[in-house]
Every structure is written in C-alpha cells, then in structure tokens.
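K.L.:
Chain residues, written in single-letter form:
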Amino acid sequence: MNLRRFFLIAVPYLWLGALFLVPFVIVLKIALSDIALSIPPYTPQLDLSAGWEGVRSFFADLDFENFTFLTTDDLYWKAYLSSLQIALISTFVTLLVGYPMAYGMARAASEWRPTLLMLVILPFWTSFLIRIYAWMGILSNEGLLNQFLLWTGLISEPLTILNTNLAVYIGIVYAYLPFMILPIYAALEKMDDSLLEAAEDLGCSRVTAFWLVTIPLSKSGIIAGCFLVFIPAIGEFVIPSLLGGSGTLMIGKVLWEEFFSNRDWPVASAVAIILLLILIIPIILFQRNEQKQREAEG
Amino acid sequence: MKRFSWFNATTLTLGFAFLYLPMVILVIYSFNESKLVTVWAGFSTKWYGELLRNQEFLDAAWVTLRVAVFSSTIATILGTMAATVLVRSGRFMGRTLFSGMIYAPLVMPEVITGLSLLLLFIGIGLDRGVFTIVLAHTTFSMCYVSVVVSSRLSSFDRSLEEAALDLGCSPFAAFRLVTLPIIAPAVISGWLLAFTLSLDDLVIASFTTGPSATTLPIKIFSAVRLGVSPEINALSTLMIAIVTVGVITTSLITKRASVAQQRDEQAAARAT
Numbered sequence: 001m002n003l004r005r006f007f008l009i010a011v012p013y014l015w016l017g018a019l020f021l022v023p024f025v026i027v028l029k030i031a032l033s034d035i036a037l038s039i040p041p042y043t044p045q046l047d048l049s050a051g052w053e054g055v056r057s058f059f060a061d062l063d064f065e066n067f068t069f070l071t072t073d074d075l076y077w078k079a080y081l082s083s084l085q086i087a088l089i090s091t092f093v094t095l096l097v098g099y100p101m102a103y104g105m106a107r108a109a110s111e112w113r114p115t116l117l118m119l120v121i122l123p124f125w126t127s128f129l130i131r132i133y134a135w136m137g138i139l140s141n142e143g144l145l146n147q148f149l150l151w152t153g154l155i156s157e158p159l160t161i162l163n164t165n166l167a168v169y170i171g172i173v174y175a176y177l178p179f180m181i182l183p184i185y186a187a188l189e190k191m192d193d194s195l196l197e198a199a200e201d202l203g204c205s206r207v208t209a210f211w212l213v214t215i216p217l218s219k220s221g222i223i224a225g226c227f228l229v230f231i232p233a234i235g236e237f238v239i240p241s242l243l244g245g246s247g248t249l250m251i252g253k254v255l256w257e258e259f260f261s262n263r264d265w266p267v268a269s270a271v272a273i274i275l276l277l278i279l280i281i282p283i284i285l286f287q288r289n290e291q292k293q294r295e296a297e298g
Numbered sequence: 001m002k003r004f005s006w007f008n009a010t011t012l013t014l015g016f017a018f019l020y021l022p023m024v025i026l027v028i029y030s031f032n033e034s035k036l037v038t039v040w041a042g043f044s045t046k047w048y049g050e051l052l053r054n055q056e057f058l059d060a061a062w063v064t065l066r067v068a069v070f071s072s073t074i075a076t077i078l079g080t081m082a083a084t085v086l087v088r089s090g091r092f093m094g095r096t097l098f099s100g101m102i103y104a105p106l107v108m109p110e111v112i113t114g115l116s117l118l119l120l121f122i123g124i125g126l127d128r129g130v131f132t133i134v135l136a137h138t139t140f141s142m143c144y145v146s147v148v149v150s151s152r153l154s155s156f157d158r159s160l161e162e163a164a165l166d167l168g169c170s171p172f173a174a175f176r177l178v179t180l181p182i183i184a185p186a187v188i189s190g191w192l193l194a195f196t197l198s199l200d201d202l203v204i205a206s207f208t209t210g211p212s213a214t215t216l217p218i219k220i221f222s223a224v225r226l227g228v229s230p231e232i233n234a235l236s237t238l239m240i241a242i243v244t245v246g247v248i249t250t251s252l253i254t255k256r257a258s259v260a261q262q263r264d265e266q267a268a269a270r271a272t
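One line per chain: the protein sequences are A and B, in this order.
Note that UniProt numbering has the first sequence beginning at 1, numbered continuously upward.
Note that UniProt numbering has the second sequence beginning at 1, numbered continuously upward.
Bound-form chain A, shown alone (with noise of 0.2 Å):
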C-alpha cells in the first residue's frame, strides 16, 4: 500500500473515528455509570493512576442500574411510546399528502417539471426552526389559522391546536414533506406509462391500474420516502418543544430536559442507547431497500 493511499483512508477515518465512533463508547460508558455530585456527574471515574486495580474496579462499579430505572418509571417507556405513536401516524398522514403529489409532478408536462422538482426542494434549504416557527403564529388561539375559521362562521369559539399533539403532527408532515415527495416522484417518473396503457387495454378500470400498476411500481419510493419521515421523526425535538405542549411526550424531549434540566447524564445517555436501539431496526431495513434498489438499477 503506498503512503498516499494510505492518507487518503486514513485521515477520514481518524476524523470520524475520533468525533463519532469514541463519543458512542463514551455515551455506553456513562450509560453504565451513576449519577455523582461531581464535575463531571458521574461515577466511576476511570483512574489509570492506581493501574490495573484501578480499571478492575472501573468495571466493576459499571452496571444497568439506569436501564432498569427506566423501565420502573413509566415517563421514559410512555415517552419511547408516544414518540412511536407520532411517528407512525405523521409518516402515514405525510405518505397520503405526498403521494398526490409527488403523482401530480410526474404527470406534469416535462418542461414543468424542474421547476416543480426545485419547488419542492427550496424549503429543504430553508431554515428548519424558521418553518416549524412559522406554524406557531398561525395554530396559536388568536393566529391566522382561528380568524379565518372564525370569519368564515365554521366555529364560534377559537380552537386550541398549539400546544397539542394535532400541531406536533401538523410539523411533522409540513417539516419532513419534501423527503416523503422526492424518493416517490423519482420512481413515478421512471415508470414507462405504456404498462398503464396495456393494463387498461387488458380490460382495468384506471383506478384499478392505479392500484395493480402504478402503487407496485414505485413501492420502492414510497418505502425509502416512509423510512426518511419515520426515522428522523422519532428522535425529533424541536418540532415537540414548539408545537407540542406539555402533554407531548417525545423522547427527543425526554432526552434534552434530562440533560438539561435535571442534569442526570447517566440516565440521558441510557435513553439515547435505547433511542438508538429502536431506530436500528428500521435503519436496517431502509439500508436493504436502497440497496435493492441499487442492485436493481445498476
């Protein structure tokens, strides 16, 4: 191997063995540790200068002490719930908001569609505290959302959606919409519109050749689109902290305010582990359908 090969690999690798992989060991370490009234909060401290009696005994004070704590008290697994819940739900409110769409660009005449594609594409590279920001001044009681309700006689007395878990939805699927259209729109618009015309030929109405013809076909879309809504969404904090209220429970949040406010490190680290845990699943899988898609393309 020669030396420059070899500084190609391995100042990347270093970088993120440094910044990424270490801070996980670290996170597991202190997930393992206890609270302590010290800087910093928490013991064992690993102590290299009583040698090898001091590693023996670093280990040994290690245990799942937080683990089990958060299974006795019933915030953390009704957070890990909830957040869940939220996901699920937004993600399959955002594939039905999305689909049309993401239907309606492919069916849009081809010089159109770069304008459409760029559309979509521009709130991405806008602010994401600004967008989730906006939302506030129009769910709030006296926001644009109740006046015009109010205006137009459909309900008398203004309704209370900031705050809620309805606008935690509502930014959700306004947040992560464009990740929901783009993997969609790029398998509908591959999709040759002669097998349309041949299911049609064959005797399908057009809803049914929707159904056997054009849903199976951009299956991969809509599985790599629900993956890049569900993941993120889980672990989402800012969207809760704005929007929701103090009744939502999201993990994301659970983790920021016991860090934060209560500053039991241990315990923050022990909820990110399990976060981490539930997510790789699904990460996982979303890698095979990538893959799949990969292989069937090339």
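Since the hints were made in silico from the structure, they are not lab data.
As the structure is a computational prediction, the values presented were derived from the model and not from experiment.
Idealized CB from N, CA, C, for every residue including glycine.
Please note that a few of the clues may not be correct.
Claimed, not checked - Output of the computed footprint for chain A on chain B, the stretches with three or more beta carbons under 8 Å from beta carbons of chain A:
no.: 1; region: 14 to 23
no.: 2; region: 77 to 90
no.: 3; region: 174 to 181
no.: 4; region: 189 to 200
no.: 5; region: 216 to 226
The hints should help you fit chain B onto chain A, whose structure is shown.
P.N.:
Okay, now just chain B, sitting in the frame of chain A:
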C-alpha cells in the same frame, strides 16, 4: 403519453400552498407595524431596523457565519477524501466500519449526536465554544458531502484520469487537473449543503457550545420559546430571502456547468 388531469392540478396547487403559505404569511407579517403579531396594523419596516440595532443578534449571526464557513470547508475536504476512498480504494481493513461511519450520522437523531459529542469534549477537557461547534458540524456534514460527491464520482469515466497518468501526470496532479474539475459541481453542492446544515443546526450546536458562543438558531430558539415576535419574523424573512436567491442562482449555475461538462466529456470520449 402522460395524463395530467384537473385532479393532479388541484393536488399540486393545494400541496404547494401548504408548503409555501406559512412562509409567505411569515414574510408578510414581518412588515406589520403592530407589536401584536396576529393583528395587521399597516406596513412598516421598523422591525428590520430593530433587528439591525440588536447587537446580540448581530453577534450570533457572526458566530454562525464563521462556524458555517469553517465547518463546511473542512467537511468538503474530508468528505471528498472519504468519497474517493468509498468509490476508488477497493478493499482495505475496516472498510465496512468506514462506510458505516459515513452513513450512520445521516440517520442519527441529532440529540444523540449532540449528547455524545458533548460527553467527548467534556471527557477530554476541551473548552466549549466556536471551535467545538466547528468540530461537531464538520463531523456530520462531511458525511453528507461524501454521499453527494461519491454519487458523482461513481458515474465518472476513470479512463480520463488514467490517460492523464499515462501522459506523465503525478496522481495528485491528475486529480487536480482532471478529476476535480469534473466532480466540481458535486463538490460545490456538497459545500453548500454543509454550509446550510451548519447555519440551520440548533440541537447539535446547543449541546456542543459553551457560554462564549451563541449561534443564531440558539438565539432564535430561546426567543421563540416565549412566543411569536415581529423581530424574529423580520430575521426569518431575511434568511428566507438569502436562501431563495442562493438556491436559484446556484441551480442555474450548476445546470449550465453540467451541460457544458457533459458536452466536454462526450467530446473527450469521442476523441479517445
């Protein structure tokens, strides 16, 4: 034959209204005279004036800009190197771990990335501030850069580079004179992506910063937690305007560049 019906036109109109109305409303209300953000009291640009006189926001903007420039530049260099390794280096020890470390940060919840980096910085006793945010942002954005660049690299005709080597270029010169100009659009969009990700990041910056450095998203977040404010509307409008102009210009430039490039590549392929 593509069928485009009224149904499609309606869903697209409604869908894009959903995507854009909130931002349009935000922009309109940034010009509202009234302090009450939901009541329209006439046109005014006074909140922009307030914003420019607010030293805290200006300081935060300066910190954010510095972090974004440094982290996206380092991330582009590291990410391009990583992409070259992924596409070109074949098998080497720990390749699976390497590609795992490239893809994992893309799907990692920000709270976990932030928490783990903070615990590292505390563990090694690093003072937290601009420097630690740059380290954190570089780490996750280099992964995005390497994904963008490697997709361009893998579609690139390697014989062009081999020709340069045969004609006596050193490997580095071949990379600089042949490969780099060809992958340049991907490298540039990688840099832009890293830059926006850094500008945008709230969670990781909150974890990895210290009292000395407050970025704009941290400042905005602590302000909007208390509710909607016209000053933040003005700030958001400025940011939306910058992004819109930036995205449209770069997409026009890269489109032109990629058309020209395809032509060159085809000409070169014919010549060989």
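K.L.:
Which hint numbers does the structure go against, in order from smallest to largest?
P.N.:
3
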